[in-house]
Every structure is written in structure tokens, then in C-alpha cells.
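Enquirer: Given next are the chains, with one letter for each unit.
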Amino acid sequence: MPELDPRPYLVAGAALLALGLWGVAALPHVVRKILAVNLMGTGVFLVLVATAARTPGEVPDPVPHAMVLTGIVVSVCATALALALAQRLQESGGGLELDGRGKEAAGPAPAPDPECGEPSCRGGREGAS
Amino acid sequence: MPAAAAIAVLVLGPLLAGAAALVAPRAGRWLGLGTAGASLWAAVALARHVLASGVIRHRVAGWGAPLGIELRADGLAAFMLLVVALVGTAVTVYAQHYFRPSACREKHHAPSAERWFWPLWLSAWTALNALFLGADVFNLYVTLELLGFAAAALVALAGGRAALAAALRYFLVGLAGSLLYLMGVALAYASTGTVDLSLLAQRFEAGPASLAALALMTVGLLAKGALLPLHFWLPPAHADAPTPVSAALSALVVKASFVILARLWLEAFAPVASPAAAQALGALGAAAVLWGGAQALRQARLKMVVAYSTVAQIGYLYLLFPLALQRPDNRGAWTGAMLFVAAHALAKTAMFFAAGNVLHGAGHDRLRDLDGLTHALPLSIAAFGLAGASLVGLPPSGGFVAKWLLLGAGLTQGQWWWVLLLAAGTLVGATYIMRVLTHAFTRFEEDPVPCPVSLLGEGTALGLALAAVLLGLGAGWPAELLQVGAPVAGPLLPGGIAP
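Residue numbers (the numbering used here), protein chains in the order written: chain A, 161 to 289; chain B, 99 to 597.
It is worth saying that the hints were derived from the structure and are not from the lab. Hints are not guaranteed to be accurate.
Claimed, not checked - Footprint (simulated), chain A over chain B, 3 or more residues, beta carbon under 8 Å:
#1 133-144
#2 243-254
#3 430-440
Claimed, not checked - Part of the chain B face toward chain A, derived, beta carbon under 10 Å:
#4 L270
#5 L273
#6 M281
What the hints assert, rightly or not - Computed from the model, here is a short list of chain A residues facing chain B with C-beta under 10 Å:
#7 V171
#8 A172
#9 A174
#10 L179
#11 L208
#12 A210
#13 G217
#14 V219
#15 P220
#16 P222
#17 A244
#18 R248
Glycine residues also receive a C-beta, built at the ideal position from the N, C-alpha and C atoms.
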């Protein structure tokens, strides 16, 4: 059986990680950000699987495979939680865009608070509890 | 309690209690209190074992590395578990007050918030305990993810678009950070064949693979640990979360990444960590101290002041790297930075609790309308002031001892620029604390607080603030604990005798 050279997989994995990182940072839409995180994960898993094949002629190292399995489970759960949060965000009104710097938390307040009536005291919502 | 039993209680106790709280929501608060008691007891027992017999290694279910999970309790782990147990207990007690229905003010957060708080908070507690006991870099990845999941969901409990957006951004930044870290783990494993922290140190050779691994893991952890310029997600997440969650996140969760970084740089990657990179980390920390402090001065809301203060205070921790990697006599810097973690955890919890009490009492936390609060909430304002004194570093507080040790390390090593930073940062810190207190002490004719705050809510804040101050008087025992198995040498203070 011809030996596979792991290097192209390492390069592809690194490229996917970089592309995903750019997506999380630069794309404002939440679903695109979630997809971008999954892309990052795929890149890491590709590298892990490729490193398992580093001794030619022998069985692959099982440890990176076990890590990939754990990583996939984490990644599925993370996607589910992120999508659930995104759905709540959409239900709260105002769309699915996040800007990069946390501005909307300090920006226009949602519904006017009856006790407060101005955007600067959104915190009152919580204080009321 | 045997050491293995203490470890089992610390890792499995909160997990089982959290699962039980999911099944029996009404029992949540009792499960929380039970976990707090058991964790305190187990953390003290484990710390005594570590002091008496040194580093303890535990193979979970008898399976060792590489396929099994090994846990390791050294001095730093035992110390952090004590901090988690103390702050965790305070958060649990404060939550009893926080979620209690108030006759005076209508509840605005979702009625189901308490139902979900207990399972999530207890699983975050498990993740923290497991993280500090982690002995290999992959297990640390898993615990970091567990912690990130629980923390993001806890922020979202506040409800409302601002909190949801903050939670989602926090979660996504955390995920991206974890994956960068995992890529580093993959490279480290590929070049050494191990993920064990102490074996990594023996097998590492300087080279592109090990440098890339360290760089990826460091950037990932800096994003999760909110060091400037990757701090942008922190203020909205910490300020918009429910108050017990704000405290837990600021006091404990951001410290987890720092502790892992300290283990990586001083222990596992010590052969490849360069002094120039350590100076760069210190410079980022310095920028965080000054920029975070300046932002804290500009905020209009009390919880935002406290959250930006976290951005600033995190910066001091990163002085560990330039002060501990340059020269072998780094015991003072190590102890100072870790005591700073504890002092900040206690003080910041007290400050968030005080801010939460102000929110509850006044219905808002706009600084300019907080005049006369000392009459209405004397205990909370006292707690804020005392915690502020520790944060600034007035003697005899824990913050003072920590800064004193860092200062001593800077002077003995001739790195005077960090001494200047400590002075400047202290000045900025004192200014934003005084700005809050000035508002609170201003005389005002009307009663500014329409709603009473329970003694439990005010007392927890004051208790934590007192603990932050008293830590300075009782710092000897923790300092001794921190030496067990630590990668340090030399005397604690300049001119002192090496123990």
C-alpha cells in the first residue's frame, strides 16, 4: 500500500482554521459565525487525524483519533447551544447580526423601561429582580 | 478525608448535584448549599494533604495516560480549588437572596431563570474544579469547553437582547479560542507524543512546531482570558449577566485561562518560552491595566465600572510572565501573581454583589443618580469601599501583599518599568473607586432607595470584602501552599531567605 504524505492535510487543516477564524471575526451574521467556528473545528480535526499517520507502515496512533472523537462531540454540542442562543436572539427582535465589538450592548436599548425611560439604565431590568 | 476522596468530591460532587437540580428544580438551592459545604470541606482537606505530602497524582478509575485521565493536585491546584470553594459558596449564598421573590419590585428576569441557574452554575463549578486539577493539555481543553458552555448559558439567563447578544459573542469568542488552543495541543502532541504537562517539559525541543504550538495555545487562552486587545466581549457579558453570574465570571472563569497559561509558560513550554515574548505578554497586561482603568473611569453604570475594572485587573496577572521567566529567582513573582488572583476574586465578587444590591434597591445603577446611597445601603457601600481598598492595594489587604510581592520582584530583577506601571495602575484604580464612592456619599434629601435589600444580600457582599482585606494578614499559609510543586526558586521577598 502506498504511504500517504500527511503534509497536504496539515496545510489544508491550517488553511481551514485560518479561514474559519477570519469568518468568526469579520462576518456579522450569527449563523455565518457559527459555520465559521465549525470550519475552524474541521481544520483542527483534519490536522489531528493527519498527525496520527506519522509512522509509515505501522497502525495509526489511536490517541489523536480519540481526541478527534471528543472534539466532534464538543463541536456538535457547541453548535447546538450557539444555534439555540441565535434563535433566542432572533425572537428578541432586531435580527441576527452581531457587530464585532459589543456595541449593541451599549447602543440603542430595546423597549423603553417604564421605571427608567432612557437607554442608559437598561441595567434596571436586572436590578428589579 | 483521604486525598482521593477529596478529589472525587470536588469533581463529581457539583456534577451530581447539578444533574439532580435538573431533575428536581425545587431542590436546586439546597443542592447548591450542600455542594458549597462539601466543596469547602474537600478543598481544605486536599490543601492539607498537599501541604503535608506534596503533589498528589490521581488516575481516574485506574486508567493512566495516554488514554486515561490523570488528575494532579499541586500547590497551585489546591490553592485555586480553595478560591473556587470560597467564591462559589458566596455566589451560592448570594443567589438565595437574588432569586428570592421581592414584594417591592416586580421580577424582570424570566421566572424560569432560577430553575436553570442551579444546574448551569453547578456544572460550571465542576468544570472549574476539574480544570484546576487537570494534568494534561487535552483534558484542559475539555474542561475549558465545559466551562465555556455553562458560562455562556449563565449570561443568557438574564434574558433580553443585550444579554443574549453578549452571551452569544462570549460563547463564539470562547469557541474560537478553544479551537486555536486545540490546534496547539495537536501540534504539541505531534512533536512530542505526549499531552502530559510535566512530560511535555522534558520532551520539548525548540523548533517551529513547538513555537507554533505555544503561540496558538497562548492566543486562544488570551481570547478566553480577555487580555487586551481580546477583551471586547467581557464588559457586556459580565455587566449584563445576573449578578451572581457576573461575580462568578469575573472572579473565577477568566482566571482559569490565566492559570493554564502560567502552567504552560512556566512548566510545559519553559524550554521554548522566550524572554522577549514574555515581555510582550507583560506589555499587553500593562496596556490592559491602563486602558481598562481609563474605560472604568468613563462608564455611566456601576456594573460597567466593575466589569471594566476586571479588564484592568486581569492585566496585573500577566506581569507574572516577564517577572518569572527572566531569571531563576521567581518565587516572589509567582506567589504575588497567584495571591493577586485570590485577592481580586474575593474583592471583585464583593463589588459585583454590592452593585447588584444597588440595582435591586434603586432599580438602576446610573452613577450620577446614586447620591446618598450610604444612608440606604450602608453595608453594601462599606463592602464596595473595603473591596476597593483591596483592589487598589491598601495595606493590610490581600491586594497589597500581592502587589508588594510583584513590586519586590520587579525591583530585584531591575525591571523598573513594571514598578512604574504598578504605581500608575494603582492611581487609576483608586480614582475610579473614589468616583463611585463620591457619588454614594453625596448628601441627598429624598430617600434614594425605594426597595429594601435583604441582610443576606448585603452581608454576603461585606463578608467577601472583609475576606479580601484579611487575606493580606493570613497570606503566609497560602504562600506556603503555592510553593508545593511550583516551577519556582529563590526567596519570596528581596533579601529574604529561601525556604
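Enquirer: Can A210 (chain A) be said to touch chain B, with a Cβ gap under 10 Å?
Expert: Where the cut-off is 10 Å and the nearest Cβ of chain B is about 9 Å from A210 (chain A), the hint holds.
Enquirer: Restraint: A174 (chain A) near chain B, CB-CB cut 10 Å. Satisfied or not?
Expert: 8 Å, holds
Enquirer: When I compare C-beta atoms, does the stretch 133-144 of chain B have three or more residues closer than 8 Å to chain A?
Expert: Contact hint for the stretch 133-144 of chain B vs chain A: violated, 0 residues under 8 Å.
Enquirer: Checking hints one by one. Is V219 (chain A) an interface residue toward chain B, by the C-beta closer than 10 Å rule?
Expert: 15 Å, violated
Enquirer: Using the nearest Cβ pair, does L273 (chain B) come within less than 10 Å of chain A?
Expert: Check passed: Cβ of L273 (chain B) comes within 5 Å of chain A, closer than 10 Å.
Enquirer: Quick check on L179 (chain A) please, does its C-beta sit within 10 Å of some C-beta on chain B?
Expert: 12 Å, violated
Enquirer: Within the assertion that chain A covers the stretch 430-440 of chain B, do at least three residues meet a Cβ-to-Cβ distance smaller than 8 Å?
Expert: As far as the stretch 430-440 of chain B goes, the hint is violated, because 0 residues have Cβ atoms under 8 Å from chain A.
Enquirer: Given a cut of 10 Å on the nearest C-beta pair, is the interface hint for V171 (chain A) held or broken against chain B?
Expert: Violated: closest Cβ of chain B sits about 13 Å from V171 (chain A), beyond 10 Å.
Enquirer: Does A172 (chain A) meet its interface restraint, that is, does its C-beta lie within less than 10 Å of any C-beta in chain B?
Expert: Since the shortest Cβ distance to chain B is 13 Å, the answer is violated.
Enquirer: Can L270 (chain B) be said to touch chain A, with a Cβ gap under 10 Å?
Expert: Given a least distance of 5 Å, the restraint on L270 (chain B) holds.
Enquirer: Does A244 (chain A) pass the interface hint, meaning its C-beta sits closer than 10 Å to a C-beta of chain B?
Expert: 9 Å, holds
Enquirer: Go through the hint on R248 (chain A) and say holds or violated, using the shortest Cβ distance to chain B against 10 Å.
Expert: OK, holds: R248 (chain A) within 10 Å of chain B, min 5 Å.
Comparing the model with each earlier hint shows violations of hints 1, 3, 7, 8, 10, 13, 14 and 15; every other hint is respected.
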